[in-house]
Each structure stands twice: as structure tokens, then as C-alpha cells.
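Please model the entire structure based on the sequences and the hints provided.
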Amino acid sequence: MATGKSATLSDLRKRLERWLRQIGRKRYQPEKHYMRGPGPATLQREATEPRQREL
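Take the sequence shown: its position 40, counting from 1, is numbered 40 in this note's numbering, and each next residue is one higher.
These are calculated hints, taken from the structure and not from any lab test. In this text, a Cβ means the ideal position worked out from N, Cα and C, and glycines have one as well. Hints should not be assumed to be uniformly reliable.
[What the hints assert, rightly or not] With a Cα cut of at most 20 Å, we get these calculated SDA-like pairs of lysine to any residue:
no.	residue 1	residue 2
1	K5	R15
2	K14	R25
3	K5	E17
4	K14	Y28
5	K26	A41
6	K14	G24
7	K5	L16
8	K26	R15
[What the hints assert, rightly or not] Here are the computed distance ranges between Cβ atoms for each label pair:
no.	residue 1	residue 2	range
9	E46	R21	44 to 50 Å
10	T8	T42	56 to 62 Å
11	R15	R36	35 to 41 Å
12	E49	R15	56 to 62 Å
13	P38	K14	45 to 51 Å
14	Y34	L12	34 to 40 Å
15	L43	L9	58 to 64 Å
16	P50	R27	41 to 47 Å
See below:
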């Protein structure tokens, strides 16, 4: 009976280790999600419209 229990614990340990490794690989990288600077629509609009002077 001890063999069955140790096999179950061993499987559980392997699954837990695999899961933890997957979490480690999937780190949040904010530089991939946040826009830096104006987008292409803004750049195109500014290129075609005359710029108004602010007072």
C-alpha cells in the first residue's frame, strides 16, 4: 500500500513542478502591452492637417 501512496505523491510532485515551471515562463512583460508614443492614425492625421497654434 505504501507503494501506491508514494507513486501518487510522486505524480503529484511532478505535476506541481511542471506547473510551477510553466508559471515561471509566462511572466508579465508590460513593454509588450503598453503603447509607446502616438499611433499610426495620429501620425497620419497630424501629417495631413495644418497645426494650429496654441496661445
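Now for the hints, and whether the structure bears them out:
With a C-alpha separation of about 15 Å, the suggested pairing of K5 with R15 holds against the 20 Å cut-off. Proximity of K14 to R25 is assessed by CA-CA distance (about 17 Å); at most 20 Å being required, the pair is judged to hold. For the suggested pair K5 and E17, the alpha carbons sit about 18 Å apart, so the restraint of at most 20 Å is met. Restraint check for K14 and Y28: not satisfied, since their Cα atoms lie roughly 24 Å apart, outside the 20 Å limit.
Distance hint between K26 and A41 is unfulfilled; the C-alpha atoms sit about 31 Å from each other, more than 20 Å. Distance check on the hinted pair: K14 and G24 sit about 15 Å apart at the alpha-carbon level, within 20 Å; holds. For the proposed pair K5 and L16, the alpha carbon gap of about 16 Å is at most 20 Å, so the pair holds. Of the supplied pair hints, the one linking K26 and R15 holds, its CA atoms being roughly 17 Å apart against a limit of 20 Å.
Under the hint 44 to 50 Å, the C-beta atoms of E46 and R21, about 47 Å apart, fit the expected range. A beta carbon spacing of about 58 Å between T8 and T42 agrees with the range 56 to 62 Å that was offered as a hint. Taking the beta carbon of each, R15 and R36 are about 39 Å apart, inside 35 to 41 Å as hinted. Checked against the hint of 56 to 62 Å, the pair E49 and R15 passes, with Cβ atoms roughly 59 Å apart.
A C-beta distance of roughly 49 Å is found between P38 and K14, which places it inside the suggested range of 45 to 51 Å. In this structure, Y34 and L12 meet the distance hint of 34 to 40 Å, their C-beta atoms being roughly 39 Å apart. A beta carbon spacing of about 59 Å between L43 and L9 agrees with the range 58 to 64 Å that was offered as a hint. The hinted window of 41 to 47 Å between P50 and R27 holds, with their beta carbons roughly 45 Å apart.
The structure fails hints 4, 5 (numbered hints given earlier, in ascending order).
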